[in-house]
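**Q** Sequences and hints are given; from them, build the entire structure.
From first to last, the protein sequence lines are chains A and B.
The first sequence begins at 201 in the working numbering and counts up by one.
The second sequence begins at 28 in the working numbering and counts up by one.
Treat each hint with caution, since some may be false.
Unchecked claim - Computed cross-link-like contacts, EDC-like style, restricted to lysine to aspartate or glutamate with a CA-CA straight-line distance of at most 20 angstroms:
#1 B:K68 with A:D211
#2 B:K68 with A:D282
#3 A:K309 with A:E217
Calculated from the structure, these hints are not laboratory results.
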Amino acid sequence: LAKTTQPISMDSYEGQEVNITCSHNNIATNDYITWYQQFPSQGPRFIIQGYKTKVTNEVASLFIPADRKSSTLSLPRVSLSDTAVYYCLVALRAGNMLTFGGGTRLMVKP
Amino acid sequence: GAVVSQHPSWVICKSGTSVKIECRSLDFQATTMFWYRQFPKQSLMLMATSNEGSKATYEQGVEKDKFLINHASLTLSTLTVTSAHPEDSSFYICSARTNYEQYFGPGTRLTVT
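**A** As structure tokens, then:
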């Protein structure tokens, strides 16, 4: 399973765009990249998933370069409620979330 | 989106007793269910994977006789923590998979006194 590396923590302010980068140098050809958000004492919540280039949904964008060895989760105009831990996972499609890395603890300040 | 529920959401038990946690997929049939454990300020750690009607596959270091998993139907999996000890206090999260989608439950906070 591909290992992922993310920054341990990040600080931001309300209204700013936040970009969290994840490294996954050993990603396999059939692996997808998925990001989850977790609030304290809650289960992880799916944010976005992608295979290559760019994916955008109503809450975030995911940028994946051609070599797929990294990916960047972009959160536009964050609010206080976006304070959470964000996990990047690499797995075969979306149904194999076996290995969670350390995640990135995002703190959004007023 | 699909919903996974867990019951109870929190439980306190005495050392030496057993506790059962239920995980249900409410609006879909789950071919596979996963159980994770999460200690404070740490990431989720996979404990076991179970497919309906077959024995669970446990991760290295997880005692299968202590953490009994039953996946009796496509919508229900249970985790029983037997002879619980204070060090078993943790946040237990289940996840259910259907085709290529995986959904997580809200978690169960177990405190063993």
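**Q** So which of the earlier hints does this model not fit?
**A** The structure breaks none of the hints.
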